[in-house]
Amino acid sequence: MTPSSSRLLEENPDRIAGRLLQKAHNRDGLPEIAIGLTFLLLAVLMWTQIAFRRGSLPFKAAIWAGALGIPALMLSSQWIIKKLRGHLLVEKEGYVKLKPANRNQTGIVVAIALVIAVAAIIAAYLGRNSFPPTAWVLAGTGIGGGVLAALAGRIPRFFIGGGIMAATGIALAFSRVSLGVGFMILYGLMGFLSLVSGCVVLLHFLRQPTEPAQ
Amino acid sequence: MSAKIQRLAGIDRVIHEPARLMIVALLAAVEEADFQYLRQTTGLTQGNLSAHLSKLEEAGYVAIEKTFRGKYPLTICRLTERGKQVLDNYRKIIKGAL
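One line per chain: the protein sequences are F and L, in this order.
Just so we're aligned: 16 in my numbering is position 16 of the first sequence, and the numbers increase by one with no gaps anywhere.
Just so we're aligned: 1045 in my numbering is position 45 of the second sequence, and the numbers increase by one with no gaps anywhere.
Hints are computed from structural coordinates only; laboratory data are not their basis.
All of these numbers come straight from a predicted model, not from anything done at the bench.
The beta-carbon is built from N, C-alpha and C at its ideal position, and this holds for glycine as well.
Don't take each hint at face value.
[Claimed, not checked] Quick list of simulated restraints, FRET-style, between CB atoms:
#1 L/T1045 x F/I50: 49 to 57 angstroms
#2 F/H87 x L/I1011: 37 to 45 angstroms
#3 F/F192 x L/F1068: 48 to 56 angstroms
Based on the sequences and whatever the hints tell you, model everything.
Here it is in structure tokens:
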């Protein structure tokens, strides 16, 4: 028995399954592409609100697109990924029917997001004399988003992406840019990196030879 | 020797093998999965996975069904009730011993 396989036998089967499913979920890059497109759309909407005067048609369109388009995109992206995998990638990825979302896991993610938000508010309040609130919001969004990305992905490229997001948020906080510009840079950078990373992973995945089905 | 450690002697040998444990743990976390998905996710070779699935099917822990999705042939694997019970029992023994 190899050292790695003996370690496997000392591990809780639920953790083994969780790790394998997470790896499988991110192996084709589609989730990163979806996240990247969402972030890039957010950045474009932020830019539109900065570039056009308040009350103009593009400004209003950006507000509506942000209010309706982003939640719709986030909600539908998992369904789109599932359909793409089922129709185009089934020969490479195989077929799996997942169990309904685990409420405990969803609760943990929501709890972490709440803790980060509360910590950001407390930090902003305590440090209100040293930095303006916008700086705290940018730093909090960068750090919070980075932590959530690392926890959600649990693979090296997600840890790196989370680190870059946190560092960008902190750098923007120190640069004292406006909230709109800060969010545009943060979402634009993360969207671009996520899209590039997802496309590279997808291309690599598609290049792998397909073995005949059993 | 404590009773919990002594229980390790009665551990299910079919499941207590790294590759089969991976397969069973994975199938317990999903409703069903096909051969290709299991191979991609576990990293096992076709022959290895086939042999381990046969052992698990023989033991009655995994049910295997051959079907089609369009033109694509699927070998769908599911954990049986017996398989779920055995994994639950295995989980308790390992948790108690560690």
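Margin query: Under the constraints set out in the numbered hints, which ones does this structure not fulfil?
Written below: Number 3 only.
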